[in-house]
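Chains as they are written, first to last, in the numbering used here: chain G, 1 to 184; chain V, 185 to 368; chain R, 369 to 699; chain L, 700 to 1030; chain Y, 1031 to 1325; chain B, 1326 to 1620; chain C, 1621 to 1715; chain F, 1716 to 1810.
In short, the hints are calculated from the structure, not lab data.
Built from N, CA and C at the ideal position, the CB exists for glycine as well.
It is possible that some hints are incorrect.
With the C-beta cut set under 7 Å, the calculated list includes, among others, these residues of chain C facing chain L [unchecked claim]:
id : residue
1  : L1636
2  : K1682
3  : K1685
Here chain V is said to cover these stretches of chain Y; the calculated rule only asks that three of the stretch's residues, wherever they fall, bring their Cβ under 8 Å from a Cβ of chain V [stated by the list, open to error]:
id : segment
4  : 1043-1049
5  : 1248-1259
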Amino acid sequence: MMEIRIHGRGGQGAVTSSKLAGLAASIEGKYGQGLPFYGFERRGAPVEVYLRFDEKPILISSRIYEPDGIIVLDPILAELGNVVARGLKEGGFAVLNTLKDPEEFEYAGKLSKIATVDATGVALKTLRAPITNTAILGAFAKATGMLKLSSLEEAIKRILRERFHKPNIEALRMAYDETQIKEM
Amino acid sequence: MMEIRIHGRGGQGAVTSSKLAGLAASIEGKYGQGLPFYGFERRGAPVEVYLRFDEKPILISSRIYEPDGIIVLDPILAELGNVVARGLKEGGFAVLNTLKDPEEFEYAGKLSKIATVDATGVALKTLRAPITNTAILGAFAKATGMLKLSSLEEAIKRILRERFHKPNIEALRMAYDETQIKEM
Amino acid sequence: MVKEKVEFITGNDAVAYAVKLARVKVIAAYPITPQSPVTEKLSEYVANGELDAEFIKVEGEHSCLAAMRGAGVCGVRTFTATCGPGLMYAHENLECVHRDRTPLVIAVPNRSYSSLFPDYTDSMCEATTGFIQLFVESAQEALDTTLQGFRIAEDHRVLMPLMVLYDGYVTSHTGATVRLPSQEDVDKFLPPFKPYVVRVDPSRSEYIQWERPGVPLQEMEHEMAMTNAKEVIKEANEEYAKIFGRSYGDGLVEPYRVEDADVVLVTMASMTGTARQVVDALREKGKNVGLLRLRSFRPFPAETFQELQKKYGFRAMGVCERDVTHGCNYG
Amino acid sequence: MVKEKVEFITGNDAVAYAVKLARVKVIAAYPITPQSPVTEKLSEYVANGELDAEFIKVEGEHSCLAAMRGAGVCGVRTFTATCGPGLMYAHENLECVHRDRTPLVIAVPNRSYSSLFPDYTDSMCEATTGFIQLFVESAQEALDTTLQGFRIAEDHRVLMPLMVLYDGYVTSHTGATVRLPSQEDVDKFLPPFKPYVVRVDPSRSEYIQWERPGVPLQEMEHEMAMTNAKEVIKEANEEYAKIFGRSYGDGLVEPYRVEDADVVLVTMASMTGTARQVVDALREKGKNVGLLRLRSFRPFPAETFQELQKKYGFRAMGVCERDVTHGCNYG
Amino acid sequence: MSDIVTTERVTIPPTGACQGCAMVLIARHTLDTLGRNSVVTIPASCGAWSGAMLIDRGPTQFPSAAAAASGIAAGLRAAGHKNTNVVVIAGDGGTYDIGLQALSGAAERGERIIYVCQNNQAYMNTGIQRSGATPRWAWTTTTPVGSVQKGKLVWPKSVPEIMEAHHIPLVATASIHNIPDLKRKVKLAQRLTTEEGKGLSYIEVLNTCPTGWRYPPEKMITLARLAVETGFWPVYEIVEGKFKLNMKPRKLKPLKEFIKLQGRFRHLTDEQIAETEKWVHARWQRLLERDERGY
Amino acid sequence: MSDIVTTERVTIPPTGACQGCAMVLIARHTLDTLGRNSVVTIPASCGAWSGAMLIDRGPTQFPSAAAAASGIAAGLRAAGHKNTNVVVIAGDGGTYDIGLQALSGAAERGERIIYVCQNNQAYMNTGIQRSGATPRWAWTTTTPVGSVQKGKLVWPKSVPEIMEAHHIPLVATASIHNIPDLKRKVKLAQRLTTEEGKGLSYIEVLNTCPTGWRYPPEKMITLARLAVETGFWPVYEIVEGKFKLNMKPRKLKPLKEFIKLQGRFRHLTDEQIAETEKWVHARWQRLLERDERGY
Amino acid sequence: MTEQKIEWKTLRGRKLDEEAIKKYQEGRAVWAWRVFKPIVDEEACRRCWLCVDYCPEGVIEKGEKAAEINYLLCKGCGVCAEECPVEAIKMERER
Amino acid sequence: MTEQKIEWKTLRGRKLDEEAIKKYQEGRAVWAWRVFKPIVDEEACRRCWLCVDYCPEGVIEKGEKAAEINYLLCKGCGVCAEECPVEAIKMERER
Ligand SMILES: Cc1ncc(C[n+]2csc(CCOP(=O)(O)OP(=O)(O)O)c2C)c(N)n1
Ligand SMILES: Cc1ncc(C[n+]2csc(CCOP(=O)(O)OP(=O)(O)O)c2C)c(N)n1
Ligand code: SF4
Ligand code: SF4
Ligand code: SF4
Ligand code: SF4
Ligand code: SF4
Ligand code: SF4
Ligand SMILES: [Mg+2]
Ligand SMILES: [Mg+2]
């Protein structure tokens, strides 16, 4: 089982990103689980969401304290190692929305892989708003190969309202293309 | 233990009569119990109250289905044998507010004693309203000797508002004097 | 010597009288049959200046309990009374009172949601809400238990809300011979309320932020308070007996003719009177039968039952209850 | 063959989807975390014309349940959802629903009065109010059980209201892979509601005065209905399995690896997942441990427990629960 | 004499109410006017004593009459009954106090409910306790006449005014001494609410309850008439925003004529009567102005 | 610039509310104006996120803020604190809907409570569901924009109007773009309610919530100003019966200027905007008349 | 499926046809509530039917000649007598 | 009497003196919520204090020379910049 923690801030769509990822996994015949650490998302306030993937049904439903990887939707949060890298497994991975280089993160050392992308930039270009959830999934897909772009696109179509399909798919693809991957 | 059922109609003060009787008994060092078959008294509607006296503390608190005697505050009710004489013990007694003769009551036969008084008349004279509760207690005191006039007077003073003391004591005494007792 | 007055009053009046003697500071109440006479009598005491209390004549029971919580955190003695649908309507706030750790006393002449007969479904639903629940048998005991109730609930080892429960229509409305203690004696038994902490106090010079850790720890403490309550109930029963000469078993359970009993009936509240007569009758026929009246339903005195069972060696208990839990023959 | 769609949705969404499939006719609801998404999703279905229902957007939960009672007596299928303080606020009306004998289904993502974590104090207070209470483990089961719920509650042998309970914040908000049945198949499983009697019907040519005898007789009948419910829950579980291929034990209790178990854990709702893993781990270490998931908390399936115990011969049961009853270590 | 003829009666005497109960009169005329295509719900109140009927009754708890009625209305529509009158008959306790929220919510939602409040200015069914509608200084069992407090200490609220603030199609007050006016308003409610679906109609009728007000029952209508003639109970209607004072005595009678007949006011001082009269007259003045203005 | 200087602050930042939250602004100015001799109770609402304070807070459940405050006020008096401000800060949900009854009861009893409603026209704390204050046609998660129903179907109610019907000493509306006016009204409430004991004061402030209304947070004050300038949010006061419109733009701006900035109104047709404007203008007209009349 | 249909005893529907109503009314006669009984003076009655409207219980009918009171159901409140504009109704002591 | 006084852990009173407040604020700093940061142009500021009133969080002080923002507690909402009548505040991307 793969356990991932998503970090974002109210307004960036972290919960939706977990729904998209979970649905994509389901489409691929896997089992997914997305568990928001619930609270109504105050605009601007940090949010955590837990994501699990497995080949067989997932039984537990606790929060994730020691993730295999993290996905960070916000460039400032990405820099707060004590927040996002909390309990992160030695040799885990990180998918970060940032303009910085992977090495600049103090927690880079204990990871095996860091993927970086300017998801905010991508979102502003495609959606005209800093809603970074679909962009970061593009980066995640590229970095881990755990989900296919096509199933994420399918998920976008099934979950979002129609007028948002095109720009989000664009964000997904653009981020996929722009993501830098660094094996540590 | 003596078990008595009081019958009246909303507005005649049946519940108060049980309180007066109970307090009078307490004053005499006996134990009393007064249990209204509760419902807010609709003006005009029939009401039942259960009264118990004993030398020792009274344990049960059920309604009374087979009374040793009845007290009826209303002349029309007094005539409704199927209502007031329900379950009345063979050889029991009745204290009735009526202008009729004891023999005229169809249930007279099975009783040992009937006391009659025009309590309505007494009440109209003393209280200027057909509130027959204190008057009927005067009749009860005379008929059964179970309570002393003096303790009933004391009870009136302790329970009623001051401006009602005099007329009610008058009603009590007048009824006591006017009560006709017939051993059957 | 104890100074008492003998009166012929109902259970409701007895409770109201006890509240007056307890010098309660804030009352909120809403009418409901068969509780209303408590509210009415207290209104009279306040209107006549016999009781110097704030009386909030709320617009419903949900608000009633909200007001009681509000007054409670100011550190003053509080009282209310309700039952049946009124108790049910207030449920959300009842569920919260014990979280405030304010020693509110509530009088409950039990009735069901609709029927006009005594029935414990109203308070049974509240058996999980953290209330101490003392079921009483008579008007006299209602008075005594209301006075004890404040002392128990306010004890710093307890600080939980408490219900005085009696049978609606029966105990509530039955006139009975009751001994009324004097104010002087009551003041000895029940000194003014000393709050453990006053959470709402504008005169405090230091500003304090009240915090509560997670629910599990709260629950543990409340459990502890309930365990302590058993001792405190016993103590109150004893102390009361010392001053007023009346006690009810050990305060938790009142045994009746249990010596050498093979079988004991377990009863609550006013049905006990009848049960006592049944026991007497059976004893006369030579049957070794006894009776245990459960006075403290919460906290449930399991130990007392065990002790009594050990002491008197009875084999079986038959429980008479006045409520029904649907679909649960084993829960 | 059964037609299903696979989606990744939360427990709340699964419930809302089931309500749509059940072609519910009247809904009333009020937002409360973590239930609100059910209300929101149903609002969407109605706004989009996907569900042809009256939706009363009440001003509070007490009114919500009052409205559900009002609609229920008109003989139509009704649904609502609430939890925590919302459930508590509605308590007075909850206590009355079963008296109407209307088969209301309520979804309850459990939470406590204040904490934002799953905790059953909200629904435990309602365990005495005549509701059938089915605790479910997953989003999939929430969907399945909501559909079964209508069938169970509406069965003329039952006619009692029913709660579908799942862990708030956990099952309610966790996205999971869920199979969505087709409308066609659901229509086969759950035909339109046929009321036993329509108490409010202005088109009736004869005028009828409805009367209810005393509470004791009512209680007896409700008890009978609850007893019947055990059978009916089992039947619904079986029928559902026939059409959709999914079942949950016998509908009342779901056993897991109980063969030759010496000890079994008894669990409810989502904690079961973790418990299953524990059992697996212990089994690997050679410990003969099993698990019974209690699905039907009311009616309580004492017989099923006994049967299972007889069949598999385990010696001890350990109960894991998520609620606390104060002052009752033996009640 | 009524100018509206109902084809059939739906109320069946006798009732369980007191001799000379005005609540019964209100319920009878309301329901008989609406006829058989109606469903009524009556929360806990003296209304519980209003006897048998040839229409169905929906269940409700005391605080939730309007919410229960909302459910009944929805349930009826869902069951295919589109034109049934859904009626509430509640007391002032169930309207001014414990049931106000449900009523306000139903009004906002535009529920098709005809809500009739029989206002006897106290909780009578439980034994005459104060309500939000109890007049200032009136005696009730919870506002007793004691040595330091005598009667109710505060002014009453007015649900007709509160409902007006909800901008519903009909708010009206009525008096039992004018039955044709009451029936006309009930018919109006039927049109606006049931037929045209414009939302909730609210009618409040003064229930001159002899038991609670402490006067001999035969004076029931006399009291109602005096209440209107002294300005104590203004009878008006607000139909889709248009205001009309329905009964306008040239000159108001002295309030004392109304007060003196009732035991609940026995203890009032002349100052208190005068102050109440001032209060009554100020309100009356505003209503006259509004009547002139038409809104 | 405030014309009222408070000696000390009682609110301590930061709060847990959204960036650019107007509720926080309302709570801060209210409490800082009243100062330390105050106790506040905040029912479930975004107010739960308003952070630490140097005054005590009383407990309440969501439906019962005004009742809890009544208890606090009584408890404080009983404990000897005669001049403490007892304040409620509630949302529109807790005021218009689930808490209305407790508020109405407290008003009738003449409780000494300063009740401030921060009206963001929806249940924001639970994720933007409709309330009784939600404008007609507005999107919320329970009045979604679907194919057969688009937004809220009915007009909102107005608790200031409802409270006016209660004849309490002060009913006022206020806007966050005019902080001195807000503070003045809070001081007025303190005088009438706490000091003179005349009963409950009610102040309602439009909370231009960026999260729920769907607009960028920096426009918070702009939106508030536009709400007043378009007549969408009239700012007035009724002090012991005397009416005054506090902000009277010569000519109202087109409502569209206010509407178009907000995501919750995105789907409105021109007809719907026009109808809302008509509704707004009719109300405005009445208020102007009342302002003239003075009551 | 077990055919174990339950019979509801808790909800009894009583049909209200004319006969049932009559029986019902007889069973609940309230004449015993009366202290005074209203007597209509047929000659004096002007058939204005005010008493019909005002009788709280609704037990006065529009008769051929005059108002007709149903004495089974009249509670004796006295409203009709008080309100009759021509004093055609007198209250007499019941017995 | 058993002296078995319980210690309440469920109700912890934390004294709020200046120091405690400072510590509390540091522990809950919200600067990380910002995407943009308000920068005051000291020269431009006319000390009208509108921003002081309008800052929702109340984290702008009346400084000696100009408005002073507490950057630990500013959430970056942009209201101050939007409302400053002389545009003395600019929002800059945080990093
Ligand atoms: C929740 C709840 N609280 C209290 C009651 C008790 N109760 C029943 S009727 C009533 C008073 C009704 O007063 P009102 O509505 O004015 O009607 P009236 O009796 O005067 O006709 C009360 C308090 C109840 N049934 N339910
Ligand atoms: C009895 C009850 N029902 C529902 C809730 C859930 N709830 C908490 S806050 C809230 C909405 C608050 O809305 P409002 O009063 O407008 O305040 P806002 O969040 O908009 O500031 C709701 C529905 C609750 N706490 N208690
Ligand atoms: S108390 Fe008043 S309203 Fe109630 S039944 Fe009697 S007369 Fe009618
Ligand atoms: S949702 Fe609105 S009111 Fe609530 S905290 Fe956010 S901005 Fe403030
Ligand atoms: S009121 Fe008098 S005149 Fe008119 S119908 Fe009745 S009895 Fe006849
Ligand atoms: S006395 Fe009363 S009940 Fe009898 S007929 Fe006249 S008005 Fe009707
Ligand atoms: S609003 Fe602008 S000018 Fe005024 S104090 Fe703030 S920064 Fe200075
Ligand atoms: S950006 Fe917002 S929080 Fe920061 S100082 Fe300006 S107004 Fe205050
Ligand atoms: Mg009333
Ligand atoms: Mg709001």
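Kindly indicate which numbered hints from before are broken by the structure, ordering the numbers from low to high. 2, 3, 5
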